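K.L.:
Construct the complete structure from the given sequences, taking the supplied hints into account.
So you can see what is in the structure, the chains are spelled out below.
Number of protein chains: 2
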Amino acid sequence: MSADEIERLIRGALDTGIWSEQQVEDLLGHAAPLTVNVGVSGRHVHLSQEDLEALFGAGYELTPIKELSQPGQFAAKETVTLVGPKGVIERVRVLGPVRPSTQVEVLRGDTFKLGVPACVRMSGKLEGTPGITLAGPHGTVALPQGVIVAARHIHMTCDEAAKRGLHDGQVVSIAFGGERGGRLDNVVVRANNTSALDCHIDTEEANAFGIKNGSVVEIIK
Amino acid sequence: MSADEIERLIRGALDTGIWSEQQVEDLLGHAAPLTVNVGVSGRHVHLSQEDLEALFGAGYELTPIKELSQPGQFAAKETVTLVGPKGVIERVRVLGPVRPSTQVEVLRGDTFKLGVPACVRMSGKLEGTPGITLAGPHGTVALPQGVIVAARHIHMTCDEAAKRGLHDGQVVSIAFGGERGGRLDNVVVRANNTSALDCHIDTEEANAFGIKNGSVVEIIK
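As you go down the protein sequences, you meet chains A and B in turn.
Using our numbering, read the first sequence as starting at 17 and increasing by one per residue.
Using our numbering, read the second sequence as starting at 17 and increasing by one per residue.
Since the hints were made in silico from the structure, they are not lab data.
Any given hint could be a false lead.
Claimed, not checked - DSS-like cross-link-like pairs, simulated, lysine-lysine; straight-line CA separation at most 30 Å:
#1 82(A) <-> 102(B)
#2 102(B) <-> 93(A)
#3 102(A) <-> 141(B)
#4 141(A) <-> 237(A)
#5 129(A) <-> 129(B)
#6 93(B) <-> 82(B)
In this text, all values refer to a predicted model and were calculated from it rather than measured experimentally.
P.N.:
Okay, here's the thing in structure tokens:
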């Protein structure tokens, strides 16, 4: 059927009262492309309270300077230095609040600079990842593991997922248009009731596609 | 027809001498996915003889240290400093031989660091691109234009293009598998008789997909 024929059919169904305008809108709503805003993550560190105190001093607390898209998460004033076997990266932002385990999220390019393997992982999946040394104003911490290249993912609430026909753990693709257009596969849906809708990719992924914080991408199931 | 049935058909055609092994190979060759090796470009500079002399001294000549994939092209010993309105990038490799116009190829991330607009362009298309200052051991050059983020492209000879059913200027996509798999669109075929087969993407594009120099990608028409 051609687009013309489909339009004539829908128009006819409306004109003769077979369908209501609302029904057509509902149908088109479901057919409309699924989209999501992009949040771009640079390299950053999540610290445990123990490692925070080793780096910044006993009883130290993070100083929030900016709220992040996920409820309760913030960028802190504090930064640390990553010390790898091959190189050093200074002024890496600490995000808060503190977590049970310290996790260092770097770009793939950073792993070459630091001299550690690039392990693409979802947040929290630290088993088998390389370690690194963190340096702060009060001391250093030699992490046995915890350096990851963050796997791209989409945060959403369970309701938002259900509304879009998605579920927690589903693997989708995201697509962008434009002069650096393309598609990223293996994007994991992370649905839970403490998440705000946001698609997280890292700086290199964003730059490869010429997109920035707040750009809109299409979700492809 | 199922894969089994097709295989029985081909096997039968071979056994009874309807097709030769060569004919089947030729057919499969055409049906096999089009692939190409990837060459990853970091930031680099092509200099005019005039700018080379301004930066390194009168009568200066580049010192080749490594051949590149394209015939006659080489990485030189020399490096320059990029000085933008917001920041500086040191030790940027000069590629040779000299060209009619100086061209500075940076990553999109670099454009933020330097403070210049990101113009995605094919090599040589410098009109309307931002300028920058180059600094060398002998002096500096204030370029009125010439800073580009290289548009992804595939070099090949005209014969190789014809054999693959491609032509100069054609826009294709390239696809990769793996944990950071995906697709880059708007990849321009550059076919001429001085090119070696190589798909050029930049460091950020390569890192976004977790691929490196020599990785194989599929060309999608």
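K.L.:
Work down the list of hints and note, for each, if the structure agrees.
P.N.:
For each hint, the structure was consulted:
no., hint, result
1, 82(A) <-> 102(B), "holds (23 Å)"
2, 102(B) <-> 93(A), "holds (22 Å)"
3, 102(A) <-> 141(B), "violated (38 Å)"
4, 141(A) <-> 237(A), "holds (24 Å)"
5, 129(A) <-> 129(B), "holds (18 Å)"
6, 93(B) <-> 82(B), "holds (9 Å)"
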